[in-house]
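There are 2 protein chains.
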Amino acid sequence: MKRFAAVVAYDGTDFFGFQVQPNQRTVQGVIEDALFKIHKQEVRTDAAGRTDTGVHGYGQVVAFNSSLDRLSAETMKDALNANLPADVYVRKVHEVGKDFSPRFHAKRRIYHYYILNTPEPDLFKRRYTWWFPYQLDIEKMRQGAKFLIGEHDFAAFRTGKDDRTTIRTITSIRILRLKKDVILFRVEGISFLRRMVRNIVGALVRVGTESLSPETVKLILESKDRSKLPSSAPPQGLVLYKVLFNEFET
Amino acid sequence: MKRFAAVVAYDGTDFFGFQVQPNQRTVQGVIEDALFKIHKQEVRTDAAGRTDTGVHGYGQVVAFNSSLDRLSAETMKDALNANLPADVYVRKVHEVGKDFSPRFHAKRRIYHYYILNTPEPDLFKRRYTWWFPYQLDIEKMRQGAKFLIGEHDFAAFRTGKDDRTTIRTITSIRILRLKKDVILFRVEGISFLRRMVRNIVGALVRVGTESLSPETVKLILESKDRSKLPSSAPPQGLVLYKVLFNEFET
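Here the protein sequences come in this chain order: A and B. Under UniProt numbering, think of the first position of the first sequence as 1, with each following residue one higher. Under UniProt numbering, think of the first position of the second sequence as 1, with each following residue one higher.
These are computed hints drawn from the structure, not numbers from a lab. One thing to keep in mind: the hints can contain errors.
Put simply, identical chains are the same to the list, so a pair is met inside one copy or across any two.
Here are the simulated DSS-like pairs of lysine-lysine, each with C-alpha atoms no more than 25 Å apart in a straight line [said to hold, decoys possible]:
| id | residue 1 | residue 2 |
| --- | --- | --- |
| 1 | K107 | K161 |
| 2 | K77 | K125 |
| 3 | K180 | K125 |
| 4 | K179 | K92 |
| 5 | K92 | K180 |
| 6 | K242 | K125 |
| 7 | K218 | K77 |
| 8 | K146 | K218 |
| 9 | K179 | K125 |
| 10 | K242 | K146 |
| 11 | K179 | K242 |
| 12 | K224 | K180 |
| 13 | K77 | K2 |
Take the sequences, apply the hints, and build the full model.
Shown next as structure tokens:
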């Protein structure tokens, strides 16, 4: 028995999120279908993170056991890509130890959120950006983001109630203007609550338009009350960009 | 009665080409549906060019008459966008003279063709580029392209037989490497035969891989025989980028 970790990119547009669900097209579902075709038996997978409907993956990490001991990591990559639909692509496969857990061994998770900040929409970017035509003050958003760095109770920035503790650590938030009209939020942390990145971006954008002051971000955080939170940023701008492990390079 | 010309962008992925066809989702069909909702009656449209299934538009020009004399061009633009699906966007609307024909008054048509020239595919660009992982010699492709500039009988570069004359004029072909891994073919001419741009790109790519010499392009052209032609480039890399008129700025 071998254990593999696959680094997986996917276009979330046509998926009902990452996690397997009955009668829904999910990313994990099509990966397990591909593994079934390769192994002629069911193969279960674990992943570094779940992503919601419409959210994309570039560096999702998915681990599974394989009875096909003769297959190298490289051959497994090719076999998976031969059996996956056009909107999922396995970028790398690594052989890992028997106990490897993408969820618990992840050292750091990096999400990217892209805003298209132009007066007119761009059709060709609509699936991968949030089109936001109003002016955004990057410096103000950076000031607001500073209050979120470190270990905090992020209860106010969660959606749903499935997490036992709402204490999380954000190690950095970088906000960059790329090519003049695209704004990238690069949010790095150890782990995240459900919708936490989209909720953070939603709040920071209100700071960027000056409908909230940067200090309000601190008040929202301290309130631990999500009813205080401005609305969430839409899913299509978000990508699970990279998950860092000690075991291998992603 | 007013006459308008709309500059239209569309993502060709989910359309069965531009031209109206019964029981198919076409770009012209959804534009005429939007015009029907606005006018409460059928409105027919003329366009500068047809595009095949999967081909995109950025600067397609569509003209129509409107009985809504009170609507300004700007209001017509907003009304159209309010009634169009997410994959079609009207970038501009101009009021034009009664006799304006986007097909016959077009002075110049510019197509862009994008190749993604990377060892690994990129999911997020798959709808808008041709992924071609092999090395391409840009200089050789430019040498091959030179034989196509000017007025020629392009019978060898057509697909189908619906054109009376196969003589066309190409005014320029520029081949540029953008951001290292994207190659842009910018093909400018007065008008084009069916699939002509994709057939040209298909041939030039074979020159780029050195499976054909640049001079073979000249021999193919002179043969006037499309059975001599290498296969066509796939549709998703092609965009009808701009159509130039004397009447207005596109």
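Evaluation of the provided hints:
1. When the C-alpha separation of K107 and K161 is checked against a cutoff of 25 Å, the pair qualifies only within one copy, where the shortest distance is 24 Å, while the shortest distance between copies is 61 Å.
2. For the identical chains of this complex, K77 and K125 are inter-copy neighbours only, at 21 Å across copies versus 28 Å inside a copy, given an alpha-carbon limit of 25 Å.
3. When the C-alpha separation of K180 and K125 is checked against a cutoff of 25 Å, the pair qualifies both within a copy, at 15 Å, and between copies, at 20 Å.
4. In this assembly of identical chains, the alpha carbons of K179 and K92 lie at most 25 Å apart only when taken from different copies (24 Å versus 29 Å within one copy).
5. Taking the closest pair of Cα atoms, K92 and K180 come within 25 Å of each other only across two copies (22 Å); inside a single copy the shortest separation is 32 Å, beyond that limit.
6. Taking identical chains as interchangeable, the C-alpha atoms of K242 and K125 lie at most 25 Å apart whether they share a chain (21 Å) or sit on different chains (19 Å).
7. Taking the shortest alpha-carbon separations for K218 and K77, neither the intra-copy value of 45 Å nor the inter-copy value of 42 Å comes in at or below 25 Å.
8. Taking the closest pair of Cα atoms, K146 and K218 come within 25 Å of each other only inside a single copy of the chain (9 Å); across copies the shortest separation is 62 Å, beyond that limit.
9. For a Cα distance limit of 25 Å, the shortest separation of K179 from K125 qualifies both inside one copy, at 14 Å, and across copies, at 17 Å.
10. Taking the closest pair of Cα atoms, K242 and K146 come within 25 Å of each other only inside a single copy of the chain (22 Å); across copies the shortest separation is 44 Å, beyond that limit.
11. For the homomeric pair K179 and K242, the shortest alpha-carbon distances inside one copy (22 Å) and between copies (22 Å) are both at most 25 Å.
12. For the homomeric pair K224 and K180, neither the shortest alpha-carbon distance inside one copy (35 Å) nor that between copies (47 Å) is at most 25 Å.
13. Proximity of K77 and K2 under a CA criterion of 25 Å is satisfied intra-copy only: 14 Å inside one chain copy versus 59 Å between copies.
In summary, the structure is inconsistent with hints 7, 12 from the numbered list given earlier, while agreeing with the others.
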